[in-house]
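J.: Using the supplied hints, reconstruct the complex from the two chains, each of which is provided in its own coordinate frame.
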Amino acid sequence: MEARTLFDKIWDSHVVRKVEGGPSVLYIDRHFIHEVTSPVAFLGLKTRGLKVFRPEQTTATPDHNVPTVNQHLSIKDELSRNQVEMLKRNCEEHGIVYHGLGTEGHGVVHIIGPEMGITQPGMTIVCGDSHTSTHGAFGAIAFGIGTSEVEMVLASQCIMQPKPKKMRITLNGKLKKAVTSKDIALYIISKISTSGGTGHFIEYAGTAIESLSMEGRMTLCNMSIESGARGGMIAPDETTFSYIKGRKFAPQGAEWDKTLAYWKTLKSDEGALFDTEYEFDAANIEPMITFGTNPGMGIGVTQNIPEGKELTGTDKTTYEKSLSYMGYKAGDKMAGKAIDFVFVGSCTNGRIEDFREFAAFVKGRKKADTVTAWLVPGSKAVENQIREEGLVEIFEAAGFELRQPGCSACLAMNDDKIPAGKYSVSTSNRNFEGRQGPGARTLLASPITAAAAAVTGKITDPRNLMD
Amino acid sequence: MAYDKFITIQSPAVPVAIENVDTDQIIPARFLKAVERKGFGDNLFRDWRYDKNNQPIAGFPLNNKKYSGKILVGGKNFGSGSSREHAAWAIYDYGFRVVVSSFFADIFKGNALNNGLLPVVVSSEFLEKIFSEIEKNPESQFEVDLEKQTFTILSSGESESFEINPYKKHCLANGLDDIDYLVDMQEQIAAFEQAK
Ligand code: SF4
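Chains A and X are the protein sequences, given in the same order.
To convert, note that position 371 of the first sequence is 371 in the numbering used here; the numbers rise steadily by one, no gaps.
To convert, note that position 170 of the second sequence is 170 in the numbering used here; the numbers rise steadily by one, no gaps.
For the record, the hints were derived by calculation from the structure and aren't laboratory data.
Note that the Cβ used here is the ideal one computed from N, Cα and C, for glycine as well.
Mixed in with the good hints, there may be bad ones.
Examples of chain X residues lying across from chain A (beta carbon under 10 Å, computed) [said to hold, decoys possible]:
| # | residue |
| --- | --- |
| 1 | Arg30 |
| 2 | Ile57 |
| 3 | Lys65 |
Taking lysine-lysine pairs in the DSS-like style, the calculated list, with each CA pair at most 25 Å apart, reads [said to hold, decoys possible]:
| # | chain 1 | residue 1 | chain 2 | residue 2 |
| --- | --- | --- | --- | --- |
| 4 | X | Lys129 | A | Lys316 |
| 5 | A | Lys333 | A | Lys177 |
| 6 | X | Lys169 | A | Lys18 |
| 7 | A | Lys9 | X | Lys169 |
Okay, chain X solo, but in the shape it has when bound (with noise of 0.2 Å):
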């Protein structure tokens, strides 16, 4: 799937402080049932946005007017549960472009950078300051380098590095997927296949 290739962002962030948010909050099984890829982010953590009633419920940050932007901020072990890739279109779609926590569910992390959202993962003593910095002022900015690989809290200038496979970087800088990569190496997987 074809996404905008990263730039540099500047952003404040929406902070969403749980632990092991898994895939079913992120996006519950009931909402898998399109065959496209459109509209997930409307029922983006739909059961701690909604209530039953379909009414927004107040105290939930994505609720929340004074946080905003391209940068979401989870707690530790975020993704974790279904390979449901819907859970990665879902933040995209809704409009983030980064999602930083101290620590990843493998399959959502590689889900999340197939479809040009960047994890990044950084000390748990890094992220309780992210945290820190949004309570204290929501429009706090935010800038997340890719080039450089770096996350900077830019009030303070403290900033901490990241880390990302430099082919995976090349893909995101450059909106590229896999798939493309693949087919275009087909002859040598029938090979492969003969060689077995």
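Just chain A, same shape as in the assembly (with noise of 0.2 Å):
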């Protein structure tokens, strides 16, 4: 038979129907919806008359524009509130579960599909939102999708979709000190471009690779998107399985068993064909800061910022009206720029490990006075264990605060925006104009990066202040 890709195999069994001359008819095993991007799908089934066609593989949670205080009050601004208010009544006369602000299951809807377990190897999974890649790190073809797919979902439990090329980025070695999967993830796009992976769904193989844990991974294909590619996926190993076994919705039992043995296949071939590759060294690679208004815009914190002399037309006006809009020059210096805001949170960074290690690096030390940190996990699931760990008293010993879970600064459609002008050093995936608040400049790091520029006020080296 012929070698195959792990996304090849997953894909093909889920092709439905290939309509001629266009794209393919595919079955969605996992749907997640929140209260942006489905209220006009929910109004396009009503509108045709239709009901939900199969409401038990869809879990809803509203999290983009909750508050991220106070949220056992009513929600204040009126517009957040309709929307999260017509997510429920959507759902409870569709028969979807929904997970409401507050409850156990609540938090951005790609921390809380793996957190369950509802997220599994070989599954399908979509949502109406573009960092459904997270998913992608259990083995599975996971992406976001528009608004009219959320209809398509709902209608039918299918979409239609052109089949991407393949992509496979090999990442061999070790990593170096402070070095997390965010920094791979911003090293990688450094290099191929927003662009670079479009068209494509990229596999994420290699050593490096393998030795990161389920958060790690997830953290690395949440940001796929942001090479412009779909998705990405790693095969699911012992570190997959072990994350899964036990979880609420995983398998149980002689089922487990069953499922085990099939998640086992789930590898591409040797000797695949891949119709783009690329490897890189994972020693090479540096924690890594952002100075523009793109994800690809991103260098080794010790690094200046670069000239861009070889760009001419509309790259060159391009490159400066982004270095304009964050306040910098080529050739800047990015060590020692001072800051204002931290947000360390979002479905990149919003796991327990993040804060972990956030915990981990300043412990014994104090937040600097001049800048506002804001602390957001990225699911109730995750704020209980902070509390539960003890890392609550060690934000607070170092004058930082928790706050309740959501999207919260990664898009700023709620209360936490940063004010114009002002430098964020941020654990999320976007630095485009605007995105954390009108005017605000967002440079994106890992959470251990954050850690130091919290606690110095300027962009650090984690490493200089590391044993």
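T.: The following block contains the structure:
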């Protein structure tokens, strides 16, 4: 039999029909919805007089525009409240499980899915949010869709998709101190650019990838979309299986053994062909920081902003526009630049491991007076774990305060907005103009690099403060 | 969502000669709180169009009266970032029917096609020609022929063909969407579930 990639295996087994000269009708195993991209889809169903086809395969939670303080109170912002209430009503009407604010299962969609064991290897998973790619960490095909497609899934449990090309990114070698999967992601995007992955689905492979925890793998797959790729995935292995085992929706008993046997077949065959391949050496990666207005504009924290002398035409004007938005000059050294805000959270770095790393760094230190810090857990479960493990005490002793779960300053739809002109070191995924609030200037980094900035008030190489 | 059938368009074009135009610029997140698909055109490119006192920013092409038409021309890697379909809605609602660039982000492209907005990919050289044609004469007319799959600068007759998959072409030309197609397949989908 022809050697196939992991992606082929999962994709091919989910094609219900191939439309002649067109896309495939792809069956979707798991669907996540949130308050922002679903209301118009439900409205569409209503207009057509349709019911949700397979309500038990959709999971809902409000995350994008919820407040991260006082969640027990009614949401103040009328439009946000309306969206959240509408999601709840739509779920009730159609029999979809809804994890409301303050409940055990609440959190950012891409955090709660894996936590509950809903996300599993071999599945097709979609959500009206581009960072659905996160779930690919489990060896699933997971990608973001638009609202029309949300409506398709609700109506038929299928969407129409052309099959993307396949890319493999191999990272071998050993990661250096203070280098995390966030740094790997920013490094790769800085090398292949924000459009380098377009049209492709990425498989990450190599010894450095295998050494990552599930949390680390999720961070990496999460950022795949920032290279333009539809998604990223990692072949499931023992790390994956032991993460899933025992979770609420994981297969149990005899079912577990049977499923596990199938999961173990999920890897690219020897000799399988990829349309595009890249290989990088883990030892070349430093803690990263971005200096511009897209996630591809990242450098090692010790480096200077590139001069961009080779650029011409719109490339050049776009680069200059970006630096002028950031208030930086080509050639500037990043280390030592003052910052105003630190945001730790989002579906990229809002998991327990991220807060552990942040806590380990700030323990025994103090937050800089000039810095406002928002620590926002990705889910209620993460928040609970932070409390149980005693991390809250470490945060508080260092002058930090823990908020409640949600997307928060990742996209600033709620009140957590960075003021115009202020600099924010953020563990989220996008540094676009205005992403964290109109005029906000975002510097993407790992939780460790964010911690170093939070205690010094400036961009700092975290290794200088570690033994 | 039903939309108008796509017929051949002749129109001047509006240039946004910026690369990596991301969906946060097309429609900032704070305008995503609606629960209906209405009025997004008003906030298209909001933060590039208006300053913080809600005054139009003179330099931005959408505020420049000399530019008009149903065709938006953007720099390469147009529509990167989030999956928000509101970006396609905003462009459509503003009155555009075609977006031209040398490169589109995947999700944006799919969203556009699902909403009657035609993404036209041209070569970077041709894109430069379009930009300089508009600069020379903002009223210059362009033709987008879906049937023939061509984009033409009418003043010079220079033309480039673009790709679109036959299924999507059929949908656009007839104002059809995928949901009807899938709903008709429900029985087959149920059989697929059984066999799985
Ligand atoms: S945390 Fe940010 S990227 Fe993740 S789902 Fe929320 S808004 Fe999207």
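J.: Determine for every hint whether it applies to the structure shown.
T.: Taking the hints in turn, this is what the structure says about them:
For Arg30 of chain X, the shortest C-beta to C-beta distance to chain A is roughly 6 Å, which falls under 10 Å, so the interface hint holds. Given hint, Ile57 of chain X at the interface with chain A, is violated; its Cβ is 13 Å from that chain's nearest Cβ, farther than 10 Å. Hint status for Lys65 of chain X relative to chain A: violated, with the closest Cβ pair at about 23 Å, above 10 Å. With a C-alpha separation of about 18 Å, the suggested pair Lys129 of chain X and Lys316 of chain A falls inside the 25 Å cut-off, and the hint holds.
With a C-alpha separation of about 22 Å, the suggested pairing of Lys333 of chain A with Lys177 of chain A holds against the 25 Å cut-off. Annotation: proposed proximity of Lys169 of chain X to Lys18 of chain A holds, straight-line Cα distance about 16 Å (limit 25 Å). The suggested pairing of Lys9 of chain A with Lys169 of chain X is violated, with an alpha-carbon distance near 29 Å, which exceeds 25 Å.
In terms of the numbered hints stated before, the structure departs from hints 2, 3, 7, listed from lowest to highest.
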